[in-house]
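Asks: We have chain D; now place chain W onto it with these hints.
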Amino acid sequence: AQTVTQSQPEMSVQEAETVTLSCTYDTSESDYYLFWYKQPPSRQMILVIRQEAYKQQNATENRFSVNFQKAAKSFSLKISDSQLGDAAMYFCARGNQGGKLIFGQGTELSVKP
Amino acid sequence: EAGVVQSPRYKIIEKKQPVAFWCNPISGHNTLYWYLQNLGQGPELLIRYENEEAVDDSQLPKDRFSAERLKGVDSTLKIQPAELGDSAVYLCASSRGGRVTEAFFGQGTRLTVV
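One line per chain: the protein sequences are D and W, in this order.
Take the first sequence: its letters are residues 7 to 119, numbered as in our numbering.
Take the second sequence: its letters are residues 60 to 173, numbered as in our numbering.
Pulled out of the complex, with its shape left as it was, chain D reads as follows (with noise of 0.2 Å):
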């Protein structure tokens, strides 16, 4: 099954902390996208970060980082120096070249001042 797993149904940090949130996926493509997307309570799903598979190097977007083990099937994301406004849920999400999108279950992270 082309699945994405997110093992953390709920993370806690405090402000001005680092926290990882993990994610796994399954897929027999060897060429595909990885992203976190961020929602807040507005409902909005922004992009935070965006990894393509084919790039051993990890993407980095100021405070927000990824951890691609490629072999592993993992994709781990880090946010550096919390902020309360980080306090969304996140969501890991696999892209293939068809055009294809599919989400984990999410991750409900909440910022402690």
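The reader is advised that the hints may include incorrect statements.
Derived, one-sided and incomplete: chain W residues facing chain D with beta-carbon distance under 10 Å [claimed, not checked]:
no., residue
1, S66
2, R68
3, K70
4, W81
5, Y92
6, Y94
7, A113
8, D115
9, L150
10, F164
11, R169
Result set (SDA-like, lysine to any residue): computed pairs, CA atoms no more than 25 Å apart in a straight line [as the list claims (entries may be wrong)]:
no., chain 1, residue 1, chain 2, residue 2
12, D, K106, D, T24
13, W, K121, D, T9
14, D, K118, W, K130
15, W, K70, D, M95
16, D, K76, D, G91
17, W, K70, W, L129
18, W, K130, W, D115
19, D, K106, W, I72
One side only, chain D facing chain W, incomplete, derived with CB under 10 Å [said to hold, decoys possible]:
no., residue
20, I52
21, F70
22, F74
23, A99
24, G105
25, I108
26, G110
27, G112
Simulated from the structure, these hints should not be mistaken for lab results.
Where a beta carbon is used, it is the ideal one built from N, C-alpha and C, also for glycine.
Replies: Below, chain W without anything else, positioned relative to chain D:
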């Protein structure tokens, strides 16, 4: 650049009534998605369009759900008749298509069936 626009944002209807959702994708985006998101879960694909063509509708319950994307731009998703279990958030997204599947989402429509 304007984002993906969906309307309405909220809809409350009685069961067995019809309901329709509208989506205007980002200009120039050939691919349009409709997703269903139940409370506390990740989005699940209902249907994907490449221009006017529905290329993946395997998860669309065709006995009560229908969708169209006339002229390859705006899209409408309809439910007729609605059931209590259809209460959820309906998300529309669009992407440029081709090799990259990075999708941009609208704010969704929260449907409540009573």
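Asks: Next step is simple, just say for each hint if it's right about the structure.
Replies: Outcome of the hint check:
| no. | hint | verdict |
| --- | --- | --- |
| 1 | S66 | 14 Å, violated |
| 2 | R68 | 9 Å, holds |
| 3 | K70 | 14 Å, violated |
| 4 | W81 | 16 Å, violated |
| 5 | Y92 | 7 Å, holds |
| 6 | Y94 | 8 Å, holds |
| 7 | A113 | 12 Å, violated |
| 8 | D115 | 6 Å, holds |
| 9 | L150 | 7 Å, holds |
| 10 | F164 | 4 Å, holds |
| 11 | R169 | 7 Å, holds |
| 12 | K106(D) to T24(D) | 31 Å, violated |
| 13 | K121(W) to T9(D) | 24 Å, holds |
| 14 | K118(D) to K130(W) | 48 Å, violated |
| 15 | K70(W) to M95(D) | 23 Å, holds |
| 16 | K76(D) to G91(D) | 30 Å, violated |
| 17 | K70(W) to L129(W) | 23 Å, holds |
| 18 | K130(W) to D115(W) | 18 Å, holds |
| 19 | K106(D) to I72(W) | 31 Å, violated |
| 20 | I52 | 8 Å, holds |
| 21 | F70 | 15 Å, violated |
| 22 | F74 | 16 Å, violated |
| 23 | A99 | 8 Å, holds |
| 24 | G105 | 5 Å, holds |
| 25 | I108 | 8 Å, holds |
| 26 | G110 | 5 Å, holds |
| 27 | G112 | 5 Å, holds |
Of the numbered hints stated above, those contradicted by the structure are hints 1, 3, 4, 7, 12, 14, 16, 19, 21, 22, listed in ascending order.
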